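A.B. asks: Protein sequences appear in the order of chains X and V.
Just so we're aligned, residue 0 is where the first sequence starts under numbering that gives the first Met the number 0, counting upward by one.
Just so we're aligned, residue 0 is where the second sequence starts under numbering that gives the first Met the number 0, counting upward by one.
Derived from the structure by calculation, the hints contain no laboratory data.
On a predicted model such as this, the values are computed, not experimentally measured, just so you know.
Among these hints, one or two may not hold up.
To be verified - Here are the in silico distance ranges between beta carbons for each label pair: (1) X:Gly-284 - V:Ala-306: 52 to 58 Å; (2) X:Gly-185 - V:Ser-70: 56 to 62 Å; (3) X:Gly-261 - V:Leu-256: 18 to 24 Å; (4) X:Arg-210 - V:Thr-131: 48 to 54 Å.
What the hints assert, rightly or not - Far from chain V by the CB rule (all over 12 Å, computed), these chain X residues: (5) Leu-13; (6) Leu-154; (7) Pro-162; (8) Asp-232; (9) Gly-238; (10) Leu-242; (11) Gly-247; (12) Pro-285; (13) Arg-341; (14) Arg-350; (15) Pro-371; (16) Asp-375.
As the list claims (entries may be wrong) - To be clear about the criterion: a stretch of chain X counts as covered by chain V if any three or more of its residues have a C-beta under 8 Å from a C-beta of chain V, and this derived list gives those stretches: (17) 75-84; (18) 330-336; (19) 353-361.
Note that the Cβ used here is the ideal one computed from N, Cα and C, for glycine as well.
What follows is each chain in one-letter form.
2 protein chains.
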Amino acid sequence: MERGRSALGPALELVHTGRAPTRAVLTAELGVTRATAGAVAAELEALGLITVDARPAAAAGSQGRPSHRLSVAPDGPVVLAAQIHADGFRAALVGLGGRMVATAPGCVTVPADPARIIGTVVEEGARLLRETDRRCLGAGLAVPSAVAEPDGTALNPLHLSWPAGAPVRALFTEALAAAGVPGPAGGPLAGVAGNDVNLAALAEHRHGAGRGARHLLCVATGHRGVGGALVLDGRLHSGSSGLAMEVGHLTVNPAGLPCHCGSRGCLDVEADPRAFLTAAGREPGPAGSLLHQATELIRTSYDTDPAVRAAVELLVDRLGLGLAGLVNILNPDRVVLGGLHRELLTADPGRLRAVVADRSLWGRSGSVPILPGTLDHGSLIGAAEAAWQPVLDDPLAVLG
Amino acid sequence: MERGRSALGPALELVHTGRAPTRAVLTAELGVTRATAGAVAAELEALGLITVDARPAAAAGSQGRPSHRLSVAPDGPVVLAAQIHADGFRAALVGLGGRMVATAPGCVTVPADPARIIGTVVEEGARLLRETDRRCLGAGLAVPSAVAEPDGTALNPLHLSWPAGAPVRALFTEALAAAGVPGPAGGPLAGVAGNDVNLAALAEHRHGAGRGARHLLCVATGHRGVGGALVLDGRLHSGSSGLAMEVGHLTVNPAGLPCHCGSRGCLDVEADPRAFLTAAGREPGPAGSLLHQATELIRTSYDTDPAVRAAVELLVDRLGLGLAGLVNILNPDRVVLGGLHRELLTADPGRLRAVVADRSLWGRSGSVPILPGTLDHGSLIGAAEAAWQPVLDDPLAVLG
DNA sequence: CTGACTTTGTGCCGACGCTAAACAAAATAA
DNA sequence: TTATTTTGTTTAGCGTCGGCACAAAGTCAG
């Protein structure tokens with residue numbers, strides 16, 4: 000059996016995430032000798048994945064021989080990333096380092112049946128690939144639904160009016176074959192599919208506000224409902240069957256609204272954009288625009304409208320209760336919020352952090368940092384991250 | 000740097016947990032060649048950790064050359080395990096395979112100050128060690144409190160009337176030195192300390208009802224409050240600072256009792272022995288006997304006393320709600336219950352499983368197995384497991 | 001009982017990933 | 001200029017593991 004250089008994957012991940020800007024840092028991070036780090040970097044360069052710049056802009060102030068600069072290859076291979084959400088879909092090519100190389104304009108279409116829309120978004124991606132000469136090493140798809148493993152089926156694509164249990168991964172892989180996208184070995188390309196919040200969390204961990212966190216908790220909301228995700232030691236924790244972090248049914252308001260799950264006051268119905276708009280006395284618009292409507296309302300009227308401010312406080316309190324419960328269970332060392340929750344945090348960071356610190360049992364002794372997400376297209380980048388994973392695990396197995 | 004045989008640790012763990020009864024199975028489980036597995040087994044035997052029995056009792060019915068039998072060395076090294084609970088403490092020597100080699104009679108003492116009681120239990124353990132000629136490779140202590148890392152301090156030793164923040168690991172290590180317990184290298188022995196429920200979960204995963212589970216969730220109650228633990232891919236998940244799985248403050252009864260955390264209806268006050276006794280119309284006895292009182296009541300009167308049966312149903316419903324929340328968040332592939340919860344499950348297994356399946360979102364499509372714990376002294380065995388961990392990770396680093 | 005077959009255990013060799021150590025290179029400091 | 005510091009490279013060697021051939025110990029068919 001082929002045995003690749005085992006430090007190759009970790010080294011690529013360090014360059015990929017920007018945590019190894021030089022061979023010297025790479026040596027320290029990998030815990031190997033300079034000789035090994037040098038050999039590994041040379042091999043990654045030979046594979047066309049990274050570049051070594053012997054003459055960086057200007058040496059820093061420290062003494063000693065200046066380091067060469069390591070960076071991801073600017074014209075290296077890419078992966079095909081696709082995202083489907085309530086109000087459309089998007090396709091892109093993403094290189095190492097989370098760099099968006101090419102994007103198809105975000106098409107706004109009412110999602111019809113899964114096979115059709117997945118076929119369409121894959122065709123967009125295939126078109127982008129034909130316009131470039133860069134190799135495609137993988138493909139990832141983000142959907143607003145839990146994706147069961149090992150089947151790759153979408154269990155609750157609620158906002159998409161898809162049938163529950165749609166085999167999204169199989170449809171994705173079939174669409175890739177139909178669109179003529181070749182895999183790295185020339186054969187067919189196997190796609191990966193995942194929940195959008197999970198994938199966004201992975202992207203935040205690699206390239207965003209979660210960088211360097213050991214245990215990262217992400218909570219985000221799209222238009223309806225609340226999603227969670229957990230990255231443990233750099234790996235997405237999706238549970239034993241891909242269904243972990245369905246956090247929407249934590250009780251955050253015992254006297255609250257009834258939820259379709261049978262309980263009352265679930266996070267899902269108490270801390271999503273619809274709940275916010277209702278609390279602010281606004282009429283919720285069409286389903287596909289709830290997030291934008293709520294975000295705009297906060298950004299434009301938080302400082303001026305007392306009703307908006309009161310709604311923010313209410314939702315911050317509920318969200319804080321849910322976050323505190325999750326922090327007590329998972330004990331992450333960082334929390335990153337997305338979607339509406341990110342806006343709530345930005346609007347009133349002190350209150351949310353205080354609520355969580357107050358309710359999490361060890362809040363006083365070093366409470367957990369809570370940060371807003373920093374990526375614009377987290378789910379899309381995350382889909383790319385999932386597609387890169389085999390390469391990051393063992394570059395030679397994919398490229399060798 | 001010394002580089003031990005890297006398959007040595009995994010191989011020892013497989014024999015330790017009984018998952019590799021023969022070299023052939025070991026070969027398959029490790030994913031190596033027969034030659035490597037044979038060399039690894041020979042080295043473990045040379046280290047005195049396992050024995051190879053070339054002539055097992057009787058060959059099984061299958062054809063081909065019969066395997067030699069692998070087992071943990073019956074007179075191999077041991078670790079010192081100690082446990083402190085609300086109504087006393089206990090010390091034991093535990094060999095590989097989770098075998099209790101020697102036990103000091105469980106002393107029933109009201110825990111006074113941490114240093115005194117830890118000193119006493121360590122002296123008991125040291126006495127056991129003096130009565131044997133087996134080497135001691137580590138020491139572990141289980142306490143009924145969250146233990147913060149990396150400090151090793153007990154944050155909420157509520158039932159022990161200890162000061163919060165007692166440095167239990169340091170006290171344990173000091174007591175080991177004071178009692179003259181030598182480490183494997185002749186120097187002082189560094190002890191490890193952990194929460195009792197966490198350690199019991201580790202023990203159940205290695206030697207009990209959790210064996211073979213990928214993601215194991217354990218929930219248990221002692222006399223007061225509810226504890227949780229999570230074993231992910233064979234490693235205890237204790238969070239970024241050792242405080243994970245504080246599950247006692249999940250809301251399971253929105254109209255329930257006020258909890259000291261400020262909320263109402265927390266699992267901690269709704270599903271512990273005191274809550275059960277109250278629900279059954281019994282007067283709770285002294286704090287240190289609540290678990291025994293509740294257990295006895297279920298075992299003797301569940302079949303005959305309608306009030307007891309009603310109390311079981313009530314607590315099963317509340318516990319089920321809490322478990323469903325945890326299952327939705329963590330998506331384990333097995334759940335093991337201890338303490339009173341184990342009794343509740345045994346009394347009415349159908350109801351608890353139905354409640355969890357009903358409330359966990361994907362309950363219908365393959366609900367998670369819920370099993371009673373099978374170990375008598377789980378926390379003690381778990382303390383030993385934690386002490387064995389360095390040996391299981393790299394036997395040569397400890398023994399070489 | 002004998003021979004074919006199946007499965008397990010072992011010895012030998014080579015590939016490969018890494019460490020260690022010496023050396024070379026490129027900067028700063030005196 | 002020379003010494004010092006830090007980085008990169010070369011070479012030798014070691015240890016782990018895969019591959020292979022062979023031996024060992026049983027079952028099964030006749």
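A.B. asks: Verify this label for me: Asp-232 of chain X is non-interface relative to chain V, using a Cβ-Cβ cutoff of 12 Å.
C.D. replies: violated, 9 Å
A.B. asks: Any Cβ of chain V at or closer than 12 Å to Pro-285 of chain X, or is the non-interface label fine?
C.D. replies: The claim holds: Pro-285 of chain X sits with its nearest Cβ about 26 Å from chain V, beyond 12 Å.
A.B. asks: Minimum Cβ separation between Pro-162 of chain X and chain V greater than 12 Å?
C.D. replies: holds, 14 Å
A.B. asks: Note whether the CB distance of Gly-261 of chain X and Leu-256 of chain V lies within 18 to 24 Å or breaks it.
C.D. replies: holds, 22 Å
A.B. asks: At 12 Å, judged by beta carbons, does Arg-341 of chain X keep clear of chain V as stated?
C.D. replies: The claim holds: Arg-341 of chain X sits with its nearest Cβ about 21 Å from chain V, beyond 12 Å.
A.B. asks: In terms of Cβ atoms, is chain V entirely out of 12 Å range of Arg-350 of chain X?
C.D. replies: holds, 16 Å
A.B. asks: If we take the beta carbon of Leu-242 of chain X, is the closest beta carbon in chain V still more than 12 Å away?
C.D. replies: Violated, since 5 Å does not exceed 12 Å.
A.B. asks: Against chain V, does Gly-247 of chain X keep a CB gap of more than 12 Å to every residue?
C.D. replies: Incorrect as stated: the minimum Cβ-Cβ distance to chain V is 8 Å, not above 12 Å.
A.B. asks: Quick check: the segment 353-361 of chain X, covered by chain V? Criterion 3+ residues, Cβ under 8 Å.
C.D. replies: Satisfied; 4 residues make the cut.
A.B. asks: Does Asp-375 of chain X clear chain V by more than 12 Å, comparing its Cβ with all Cβ atoms of that chain?
C.D. replies: Given a closest Cβ separation of 28 Å, the condition holds.
A.B. asks: Cut-off 8 Å, C-beta pairs, minimum 3 residues; does the coverage of the segment 75-84 of chain X by chain V stand?
C.D. replies: The restraint on the segment 75-84 of chain X is violated, since only 0 of its residues have a Cβ under 8 Å from chain V and three are required.
A.B. asks: Classify the label on Leu-154 of chain X as holds or violated, using whether its beta-carbon is more than 12 Å from each beta-carbon of chain V.
C.D. replies: Given a closest Cβ separation of 6 Å, the condition is violated.
In the structure shown, a violation is registered for the earlier hints numbered 2, 6, 8, 9, 10, 11 and 17, in ascending order.
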